[in-house]
Amino acid sequence: MNKRSTTIYWTGFSVILALLIVAPLVLSEFWSRFLTEILIWGLLAMSSDILIGYTGMVSFGHSAFFGLGMYGAAAALLMVKPPNLWLAIVYGLVGSAGIALFVAYFSTRLRDIYFAITTLIFSQIFYVIIFTWTDVTGGENGLTFSRPALGIPGLFSVPFSSETLHWFVLAVVTASYLILRRITQSPFGMVLQSIRENEGRTRAIGYAVERYKIVAVMLSGLFAGLAGVLYAIQNRFAAPDFVYFLVSGETVIFNVMGGIGTLVGPIVGAAFFLLLRETFSRFFTEFYLIPVGVIFIAMVIFMPQGLLGFMRRWLNQ
Amino acid sequence: MSLDPTPMEPLVAVEDVHTYYGKSHILHGVSLHVDRGEVVGLLGRNGVGKSTTLKTIMGLVHPSRGKVLFAGKLVTGLPAHKLARLGIGYVPEDRRIFRLLTVMENLRTGLDRHGITETRKQELLDKAFTYFPVLAERRNQAGGTLSGGEQQMLAIARAMMLEPKIILLDEPTEGLMPRMVSQIREIIEVLHREGVAILLVEQNVPLTLEASQRIYIMEKGAVRHHCAASELKVDDAVVHQYLGV
Amino acid sequence: MTPVLEFLQAIPYDQILIQTVNGIVTGMILALIASGLTLIFGIMDVVNFAHGELFMFGAYMGVVVLAATGSFWLALLLATLIVALIGAALQITTLRPLIGRDPLTTILATFGISLVMQNYALWQFGPVARKIQEPFTGQFTLFYLEYPWYRVLIAGLSAAIIGAFWLFLKYGTYGIWIRATTQDRVMAEAMGIPVSWVYTTVFAIGAGMAAASGVLFGPLVGVNHAMGLDWVLKAFIVVVVGGMGNLGGSIAASIFISLLEAYASIWVSPAQAVIVSFVVLILTLLFRPTGLFVPTPK
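If you're matching them up, the sequences are chains A, B and C in order. So for the first sequence, the working numbering puts the first residue at 1; every next one is plus one. So for the second sequence, the working numbering puts the first residue at 1001; every next one is plus one. So for the third sequence, the working numbering puts the first residue at 2001; every next one is plus one.
If you're looking for bench data, these hints aren't it; they were derived computationally from the structure. Just so you know, these numbers come straight off a predicted model, no measurement behind them. One thing to keep in mind: the hints can contain errors.
Ranges of calculated distance between the beta carbons of each label pair, as one might list FRET restraints [said to hold, decoys possible]:
1) B:S1064 x A:G200: 26 to 36 Å
2) C:T2093 x A:T279: 21 to 31 Å
3) A:G206 x B:G1175: 12 to 22 Å
4) C:A2159 x A:M311: 36 to 46 Å
5) C:T2093 x A:K81: 36 to 46 Å
6) C:I2275 x A:F188: 29 to 39 Å
7) C:G2172 x A:M190: 46 to 56 Å
8) C:T2173 x B:S1064: 33 to 43 Å
9) A:A171 x C:A2271: 33 to 43 Å
10) C:A2159 x A:E140: 34 to 44 Å
11) A:L178 x B:E1219: 29 to 39 Å
Over the 10 Å line for every Cβ pair with chain C, so calculated as not near, a few chain B residues [to be verified]:
12) S1051
13) V1134
14) V1239
Glycine residues also receive a C-beta, built at the ideal position from the N, C-alpha and C atoms.
Excised from the complex, chain A in its bound form (with noise of 0.2 Å):
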């Protein structure tokens, strides 16, 4: 990149960043909780960029990797006394990784409709399992519990507020997408690149695509399973609803309405699609899916780079 669209980039970026922070101090209670919801959404969005946009495999078992990464904080939060934040995150990361490897395995042995039918099934698998082990997840109800404090153990301990807690996932969001980014911008992620253009031709130049696929998968997983754990200390709560395999297809759809391999495209993408809830919600109540799914078809087939890309091009000319 060039001094001068760099400059611009940070700018940017600085700029919405800031915009973010000071939000919660200026909408409402309802708006900034909002907010909150689009940044993780947006997180969830953004680490299965990695793997549609970036590595070319889509998956359908993002709601696994987030269902088990709010299980995961919700084991912490229930079994730990005092609840801890950091526990939390650490049980729901490894929940996520855990399934991350076991879909990592099976990425590897098969391609395109076959892994993303696959991962629906597993998401579905694990769906089933979350659903009818009542006694310990249980269940159908799914499972609450209380919000941990932030804090460091032994030094300071201040419970959540609401804008406390929007920060807090501001920052989880704004490192993880810098990271990713990082990732992405690095030579391991020229190579992921270069397997969703040609698998073949990267294989034959002496890359071990395996390898690359099993970590572009872990690192999806991971991500999308601390979303799963942001998800879970904002409401409190976990559900199976999450885990199933509708909510890995909402993830497709912010991805492809954002804009694919782009990173900021999805959480575009996902703040797009809950704003459409938003509005759509008024004048079809729970209906709101069939405007929307109509729309989401729409971009499909006319505007398949989404909205990102749209307003690329729309730019440069």
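Dock chains B and C against the given chain A, drawing on the hints supplied.
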């Protein structure tokens, strides 16, 4: 209003056609025509765009510029199946018969169409089996089990089932034994006698010069030379220049 | 010897036999749904996520026609035709523009369609399940149980529909067109076969088959907007286990998996019996990824 009779327009005319494969500019303004019942040869080295020209006429690729006309009508941009119905038969390089369909079924892809009577279908079939007795023997065998030469026969017979006014032949003798090459030569002769026009793309120069009335020579995506076949000899300078023999 | 005899006596033979029949019945319905799915994939390379919703719509159309005319058979016929037409319309508007693009786009588009259809059904028909009356009641004795004739009918009809379609594919003119298009789309086009209409027809046929299953299965379960979800997942498993694009394979896989699940339900709850199909899938993917019943793994 003119009282002059309309001059016989060519059966197939290609006018200043530019075709791209993605970003590659393959055809740089190709113009040629084939009259009714004529055999026209299209020569040139590998990769100059001969096959692409045939594909453009067949509607399998669409030109970004230029026109394709069939019997005077503009047909640029029409899908291939419409052109097949209009009367263009296509025998591609590497034959592309339907390997998992039987010989009969392959022929039926051309036979089964609107407005053809059962009697006519039988007539066409009998004709195919008379010209290609090998196909009659193997009629219930899967296409993929035929030898290279037999597949070529099937590909030509299949196109004939469409009762086309012109057949586009793309390197029909490639990879065939001399005996089969002369069979191909005979088929071209038979088709010519029946009034079917042929646009013949070939690497086999002597065969082409013998079978055709006119010759086009292409290089780098355009027609560079055009003359009557009788004006050209195999050892001509022109042939050496463009075909590097 | 005695422990062996005890064990043999403890096996619930009658239950196993009943579940065998149940498994075959469910298997045939699944086969009908999966056939449409594997056909659409094998011929058009489209993964139709909306297939379960076409099944669901078929069931609802059955409810509507049944209420209007009182005839189950008319309901079956009309529901199949209506949904086939809907399928054709969907293919023309949303899938044709995507031909030649990345296969991911068709997965996404059909996923979008499934969302719209589900919510549309919820909107129009509400969350309460509807019922389709069987065309006839009547049972025969299968051991100590009264087994309904209707279930046997379903299995038979499904088999008949699949069989009829197979014959059509093998011998009819349009069957040749479809097979030629599957093998070499470009050359089929060059032979005068209108390939895009072949695709539309295939999609419509697949949709019709799904709809027929919906009506046939309707009397056994409640008809509601979410009924497609479970079936589409199972159908996908069947299609992968049977070998994608392999009609015979998906039929065999349907029956195989349904039988296993039926047997499993003797010992565990139905909700848990579905794990069986997941296990079969995983094993297939590990050892025979091209399909359990495909002869040579390529």
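Evaluation of the provided hints:
no.: 1; hint: B:S1064 x A:G200: 26 to 36 Å; result: holds, 30 Å
no.: 2; hint: C:T2093 x A:T279: 21 to 31 Å; result: holds, 25 Å
no.: 3; hint: A:G206 x B:G1175: 12 to 22 Å; result: violated, 35 Å
no.: 4; hint: C:A2159 x A:M311: 36 to 46 Å; result: violated, 54 Å
no.: 5; hint: C:T2093 x A:K81: 36 to 46 Å; result: violated, 57 Å
no.: 6; hint: C:I2275 x A:F188: 29 to 39 Å; result: holds, 37 Å
no.: 7; hint: C:G2172 x A:M190: 46 to 56 Å; result: holds, 52 Å
no.: 8; hint: C:T2173 x B:S1064: 33 to 43 Å; result: holds, 36 Å
no.: 9; hint: A:A171 x C:A2271: 33 to 43 Å; result: holds, 41 Å
no.: 10; hint: C:A2159 x A:E140: 34 to 44 Å; result: holds, 37 Å
no.: 11; hint: A:L178 x B:E1219: 29 to 39 Å; result: violated, 56 Å
no.: 12; hint: S1051; result: holds, 13 Å
no.: 13; hint: V1134; result: holds, 21 Å
no.: 14; hint: V1239; result: holds, 31 Å
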